[in-house]
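Chemist: Add chain V to chain E, keeping to what the hints say.
Top to bottom, those sequences are chains E and V. Per the numbering used here, the very first residue in the first sequence carries number 189; after that it's consecutive. Per the numbering used here, the very first residue in the second sequence carries number 189; after that it's consecutive.
The reader is advised that the hints may include incorrect statements.
For chains that are exact copies, the list does not tell them apart, and a pair is met inside one copy or across any two.
Calculated cross-link-like contacts (lysine to any residue; reagent style SDA-like; alpha-carbon spacing at most 20 Å) [claimed, not checked]: (1) Lys283 x Val216; (2) Lys290 x Asn341; (3) Lys290 x Thr340; (4) Lys283 x Asn218.
Just so you know, these hints were derived from the structure itself, not from any lab. These numbers come from a predicted model, not from an experiment.
Protein chains: 2
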Amino acid sequence: MNKRWSRALLAATLSLAVAGGAVAQMSVENQIKTRQSAYTFAAWNMENIRAQVIDGNVPFDPAQVQAAANAIAAVANSGMGALYGPGTAQGIGWKQTRLDPKFFDEPERVRDIAVRFITEANKLQEVAATGDRRAIARQFGEVGQACRACHTNYRLPE
Amino acid sequence: MNKRWSRALLAATLSLAVAGGAVAQMSVENQIKTRQSAYTFAAWNMENIRAQVIDGNVPFDPAQVQAAANAIAAVANSGMGALYGPGTAQGIGWKQTRLDPKFFDEPERVRDIAVRFITEANKLQEVAATGDRRAIARQFGEVGQACRACHTNYRLPE
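For reference, chain E alone in the conformation it holds in the complex (with noise of 0.2 Å):
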C-alpha cells in the first residue's frame, strides 16, 4: 500500500474505530460474530509468518509471508471500529464475547492502541514486501505488541 492511501485509510479508519462509521446496520451478535472472525483470521496469518520468520519451523517463502502481511494489514485497516458499536461487550457471536466493557470508557486509550495496530501492521506489510526477513522478525515482534496492548486492556480472561 503506497502512503497516501496509506494516510487516507488510516483516516477513514479512524473515523470508524472512534464513532462507529456510516456502515449498514449489524446486530449486535453479528458485530461479534465478525470481529472474532477477522481476529482469528489474522491470528493465523501472525502465525504463519512467526513460524516461518521466527520458529523456522516452516520453510521462508517470501510470497506467502507477504500474502499473510497483506492479510494483517487489511484487517487493521478494514473498519473495525465499525464492529463495536453500543451494547457489544455483552453477547454471543461465535462464542461469548470477551470484551471488557471498561473499552466503551477509555475512548482516547482504544484510539491510540487501534492507531498503533494499524501503524504497525503497514509498517509490517511494507517491510515484508522486501523479503528481507530479520527485518520482517524484528517488525512482527511491533505488531504482536500492538496485539498484546489491546489483549491486556481490554480482553477479559477465559
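Modeler: Same frame as chain E, now just chain V:
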C-alpha cells in the same frame, strides 16, 4: 498490489490450493474454524461494498471501498487451500462444516474455482483503487459469482 506480486501470490496460492502447502500443522477443527472466519470476514467486506456501490444505503466512500476490496483480495490470496486438509469435510470449527466431501474428488475443478476467486478479487482490488463506482459495481458482481461458483458446487445446504 502490482502485477508481479499478484502473479507470485497467485502461484503461491495455487500451490497451497492444490497441495496443502508447507504451513504449520493445524487440527481439523482449527482448519475449519479458520476458514469459516476468513469467509465471514470476507463476507462482511462484500456487504460493505454492496451497501455503498449497489444498494446505496450507505454513502459511497472510495477509501472504505478500497479497504474492503483489499480485505477480500487478502483473503483470496492468503493460501486458504492449506485449510482444506484431509478429513476436513467432517468436523466442527465455529460450527459444523458445510463442505461437500466431493470437494476432495474434484481437485481440478476446485482449482479452477479457486483461481477464478483469486483473479476476480485481485481485479476488484485494482478497480477499487480507481474509485470508479460503476466499474467497482460491475467487478463486485464478478467476485460474487466467483463466490457462488464454490457455494453451488461444494457447500452443503444448512
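Chemist: 20 Å Cα cut-off: does Lys283 pair with Val216 within a copy, between copies, both or neither?
Modeler: Both, since 12 Å and 19 Å are each at most 20 Å.
Chemist: Since the copies are identical, ignore which copy is meant and state whether Lys290 and Thr340 lie within 20 Å (CA to CA) inside a copy, between copies, both or neither.
Modeler: Classified as within: same-chain Cα gap 12 Å, cross-chain 44 Å, threshold 20 Å.
Chemist: Check Lys290 against Asn341 for me: Cα-Cα at most 20 Å, and say if that holds within a copy, between copies, both or neither.
Modeler: Intra 9 Å, inter 45 Å, cutoff 20 Å: intra-copy only.
Chemist: Is it within a copy, between copies, both, or neither that the alpha carbon of Lys283 lies no farther than 20 Å from that of Asn218?
Modeler: Cα proximity of Lys283 and Asn218: in one copy and across copies (11 Å, 15 Å).
In this structure, every one of the numbered hints holds.
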